[in-house]
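Chemist: Given only the sequences and the hints, what does the whole structure look like? Please build it.
One line per chain: the protein sequences are F and P, in this order. 9 is the number that the numbering used here gives to position 9 of the first sequence; each next residue is one higher, with no gaps. 340 is the number that the numbering used here gives to position 340 of the second sequence; each next residue is one higher, with no gaps.
Calculated from the structure, these hints are not laboratory results. Errors might be hidden in some of the hints.
Output of the computed footprint for chain F on chain P, the stretches with three or more beta carbons under 8 Å from beta carbons of chain F [what the hints assert, rightly or not]:
id	region
1	288 to 302
2	307 to 319
3	328 to 334
4	338 to 347
Ideal placement from N, C-alpha and C gives every residue a C-beta, glycine not left out.
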Amino acid sequence: MLEHGDAMQSKPSDIDAETLRRMLRAGGLEVTAGRAERILPVALALLRGCDRLAALDIEGPGGAGIAQAPDPLP
Amino acid sequence: MSEIDFLSIAELGTRYRRKALSPVEVTRRALARIKALDGKLNAFITLLETEALAQAAAAERELAAGIDHGPLHGVPVAIKDLIAVAGAPTTFASRAGSPQHPTEDAALVRNLRKAGAVLIGKTNLLEYAYGAVHPEIGQTNNPWDPARTSGGSSGGSAAGVAAGLCFGAVGTDTGGSIRIPAAYCGVVGLKPSFGLVDLEGVQALSWSLDHAGPLARRVADAARLLEGMTGRLFPARLHGLKGLKIGVMAHPGESRFIQPAVKAHFEAALAVLEEGGAEVQPVSLPDLDHAADALLAILEPEASVIHQRLIAAEPEGFGEMTRLQIEAGFALPATAYIRAQQLQRALARRYSGLFATVDAILSPSVPWVAPAEDPALGDDGGEGEMLYSAVYNLVGLPALSVFGGLSPERLPVGIQIVTPWRADDLALSIGAALETRIPPIAAPLEPD
Chain F
1 MLEHGDAMQS
11 KPSDIDAETL
21 RRMLRAGGLE
31 VTAGRAERIL
41 PVALALLRGC
51 DRLAALDIEG
61 PGGAGIAQAP
71 DPLP
Chain P
1 MSEIDFLSIA
11 ELGTRYRRKA
21 LSPVEVTRRA
31 LARIKALDGK
41 LNAFITLLET
51 EALAQAAAAE
61 RELAAGIDHG
71 PLHGVPVAIK
81 DLIAVAGAPT
91 TFASRAGSPQ
101 HPTEDAALVR
111 NLRKAGAVLI
121 GKTNLLEYAY
131 GAVHPEIGQT
141 NNPWDPARTS
151 GGSSGGSAAG
161 VAAGLCFGAV
171 GTDTGGSIRI
181 PAAYCGVVGL
191 KPSFGLVDLE
201 GVQALSWSLD
211 HAGPLARRVA
221 DAARLLEGMT
231 GRLFPARLHG
241 LKGLKIGVMA
251 HPGESRFIQP
261 AVKAHFEAAL
271 AVLEEGGAEV
281 QPVSLPDLDH
291 AADALLAILE
301 PEASVIHQRL
311 IAAEPEGFGE
321 MTRLQIEAGF
331 ALPATAYIRA
341 QQLQRALARR
351 YSGLFATVDA
361 ILSPSVPWVA
371 PAEDPALGDD
381 GGEGEMLYSA
391 VYNLVGLPAL
401 SVFGGLSPER
411 LPVGIQIVTP
421 WRADDLALSI
431 GAALETRIPP
441 IAAPLEPD
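Modeler: So, in structure tokens, the structure goes:
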């Protein structure tokens with residue numbers, strides 16, 4: 001059994017199919033347990049990328065996605 | 001091979017105006033060539049034969065009456081099949097939500113019509129411009145070797161141009177989908193500055209990363225198409241290379257992927273620019289190795305939201321790989337999306353600073369020549385294929401792929417030219433300068 005502190009240190013990619021199914025539901029997609037098993041390898045590849053992003057020390061704002069353009073086109 | 005099928009847009013226009021060729025004659029030739037060759041290529045999903053011949057006839061009548069819409073007047077152009085063309089089905093190369101029957105043109109199509117272009121057909125793509133071929137539709141084969149892919153996702157547009165089936169085409173690019181097929185097929189492909197081409201009527205894959213742009217056999221042709229799509233001018237004329245500062249970007253992980261022929265042609269292109277008077281210097285930026293992670297952390301959840309209703313209503317209509325990608329995107333944490341946006345902004349600032357010291361950044365377009373099949377998004381092959389392209393979707397800079405030579409197995413290599421925000425014309429100008437020194441070669445595919 002993980003202690004609370006241990007759980008906080010786990011990575012997004014440390015998940016099984018049932019956890020994935022719950023994450024998908026939270027994101028707005030209902031899938032069966034069998035379908036979650038099929039999605040798991042693709043989701044894990046994506047979530048490993050999220051782990052790498054989480055390890056970066058990036059300063060500055062996020063949000064507003066496309067506003068990275070220095071100035072808008074007229 | 002007939003020289004007519006591979007004329008530049010400028011030469012085609014000259015012959016139209018001298019009455020040495022007519023739009024109807026050229027459109028008929030293009031349609032016949034598509035029918036003769038597309039069995040091998042699978043580049044076109046819908047051929048707009050009746051409509052194209054009617055447009056060509058109208059273009060011919062207008063020229064005879066002294067009405068001239070400019071360089072694209074009467075020029076057969078193909079449109080990627082996720083862009084709305086009024087009266088033509090849009091299939092998205094999918095069985096989900098497909099076909100749609102738009103009654104209005106996309107904004108860029110409307111502009112191309114105003115410029116006089118003849119819309120000859122809708123081209124094949126990776127399903128919904130995502131990372132996979134729908135198995136019932138199949139990949140677009142490469143005109144240089146039909147046992148290989150034309151690349152994705154704008155493979156039909158690139159192959160159609162390379163095989164002389166049309167004189168230009170429109171593609172879209174969210175992580176390299178114009179530049180990768182342009183490189184594999186030996187043609188020119190431009191991902192313009194973010195926001196330059198209006199995406200109204202273009203099926204979105206990722207609002208933050210989507211771009212539409214031209215594919216053509218020559219840089220000047222790509223410039224004319226971009227003018228037609230936007231209504232702005234892109235003269236693409238560089239007054240000499242002397243003093244031009246070229247940065248060669250260090251891409252972490254490059255040595256893991258790059259093929260010797262690609263490296264050799266890239267170095268040869270740099271040497272050619274140096275001989276012309278350009279100054280070449282190495283440049284680097286931190287965190288470039290995380291660009292693909294950031295791209296996917298933005299692209300995948302945006303694509304999942306875009307397809308949310310369709311994936312619930314018609315999951316079986318998607319190919320399995322596309323379906324899995326859409327489904328997986330629902331699991332991505334919001335914190336990862338925001339971290340990716342932080343990196344996106346940080347990289348945009350760093351590129352902006354870098355362009356205080358160089359005029360353009362060069363790299364190969366893809367580290368390898370066309371493989372048999374498109375690698376899967378998110379795996380090692382997908383990471384390698386987007387090594388040089390993905391970051392420029394994140395930061396929105398113009399990025400042009402031009403022909404850089406043939407590998408020993410006679411497959412094209414692409415060279416990517418990146419310039420500052422909104423300096424699309426400079427990218428085209430440098431591309432044109434390189435093209436005069438490394439001229440394009442027509443693909444060898446011919447009817448049996």
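Chemist: Broken hints, numbered, in rising order?
Modeler: Of the numbered hints given earlier, the structure breaks none, since each of them holds.
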